[in-house]
Amino acid sequence: MTASAHGAHLAELNVATLRHPLDDPRMAPFVEMLDPVNAAADGAPGFVWRLVEEGAADATALRPAGEDVIVNLTVWETQEALWDFTYRSGHLEVMRRRREWFERHVEAHLVLWWVPAGHLPSVGEALERLADLQAHGPSPRAFTFASSYTAAEAAQHLKDVPPAQREPAARSARPASAGDAAAV
Amino acid sequence: MEDIDAIAALQDPVRRRLYEYVAAQGREVGRNEAAEAAGVARTLAAHHLDRLAEAGLLESGSRRLTGRSGPGAGRPAKVYTRARAERAVSLPARDYRTAAELLAEAAEQAGLDAGLWAAARSRGEALRGSAAPCGRLEEAMEMLAARGYEPYLEGAEDAGGATGAGARVVRMRNCPFHAVAERFPPLVCGMNLALLEGLLGTDGPVRARMDARPGECCVVVETSKNNRD
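Read top to bottom, the protein sequences are chains A and B.
Note that full-length UniProt numbering gives residue 131 to position 131 of the first sequence, counting from 1, and the numbers run on in steps of one.
Note that full-length UniProt numbering gives residue 18 to position 18 of the second sequence, counting from 1, and the numbers run on in steps of one.
If we strip away everything but chain A, and leave its shape as in the complex, we get:
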């Protein structure tokens, strides 16, 4: 265990392509759940931070990954805390009905990575991690629930493979499993 592993938080990004604009009546049940579910996240054990648009309650109007793609960027103390919120809270109902509101994704649409505690990831950083996962499969710097790495493994990976030489590391990548497609 390194000091950085102890002081690590888990960052999470997921992207979801809307089937209809958010003001479409077919999206109303999803929009109604935004505030209560976001409030549940803010109060969830292990929650650290979530991206919101300045002056807004959430990040749904930010469209950094495409005009009809909403992003969800959060930071958690542990992977267990994130999993429990995602699948063992009121959020599960949003997940259950995801096909009514979002297109199915062929590529990975959820990525996890470790950040130093206190670091708030930028949208650009988050999208780069997602692109890494999509291009190379899960690795200690971009992984999923079903293919997760510990903070210590991520710290070791960073030491072994400086960012500039990262490309060759792709051969160690494992294919993403279908379990990860479960996320929005």
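Treat the hints as calculated values from the structure; they're not laboratory data.
Just so you know, not all the hints are guaranteed correct.
Said to hold, decoys possible - Quick partial rundown of chain B residues pointing at chain A, CB under 7 Å, derived from the structure:
| no. | residue |
| --- | --- |
| 1 | G111 |
| 2 | P185 |
| 3 | P186 |
| 4 | M210 |
| 5 | C218 |
Said to hold, decoys possible - Residues of chain A placed beyond 10 Å of chain B at every Cβ, according to the derived structure:
| no. | residue |
| --- | --- |
| 6 | H20 |
| 7 | E53 |
| 8 | A61 |
Here the structure is a predicted model, which is why all the values come from computation and not from measurement.
The beta-carbon is built from N, C-alpha and C at its ideal position, and this holds for glycine as well.
Chain A is already provided as a structure; the job is to place chain B on it using the hints.
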């Protein structure tokens, strides 16, 4: 210990009563309490509880049950909870779990949620047969217990609490689909909800609803809003 040996440890009737009691509490149980529930002496209960822990069916720990600490509080008592590990024996050998995981993976990749849920709802209705929709929470609890959900009533005592008087709900300690539900939560929890909707009925006096919590089944059963007394 192999599954068959662990399960064989339950052949002793006292041991089985102790196991079932501890499992049903959903919390740590001390030796005195377990002995009383099983109707046996404390030393005999302690012996069997430790055999169950050795077999991997219970987990043991120690805790001061009185809440006191410091001098005079006495030694911590040994407490038991049901072990989380699954045990199964099939003769001849069968492997439905691998089949379930592969089918769930394929359904997930193909986005077959709606089809799976329709099948689950039909199965629930078929299980109910020609019976009317479930009429009372107590009846629902019997149906759920028979299917392994380990139901318990919540909110019965705290009338006037945040949820209001009479807001009793049935929660379930056990998810019968645990292993696949952990891997594909929205797909499999949605299947579970549809199965229970079929089993209990959707337009009767009680209804099933999604309300996930850590460590429990994702569904609760409650009195329908338009049917409250």
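These are the hints, each one checked on the structure:
no.: 1; hint: G111; result: holds (5 Å)
no.: 2; hint: P185; result: holds (4 Å)
no.: 3; hint: P186; result: holds (4 Å)
no.: 4; hint: M210; result: holds (5 Å)
no.: 5; hint: C218; result: holds (6 Å)
no.: 6; hint: H20; result: holds (17 Å)
no.: 7; hint: E53; result: holds (26 Å)
no.: 8; hint: A61; result: holds (25 Å)
Against the hints set out earlier in the document, no violation occurs for any number.
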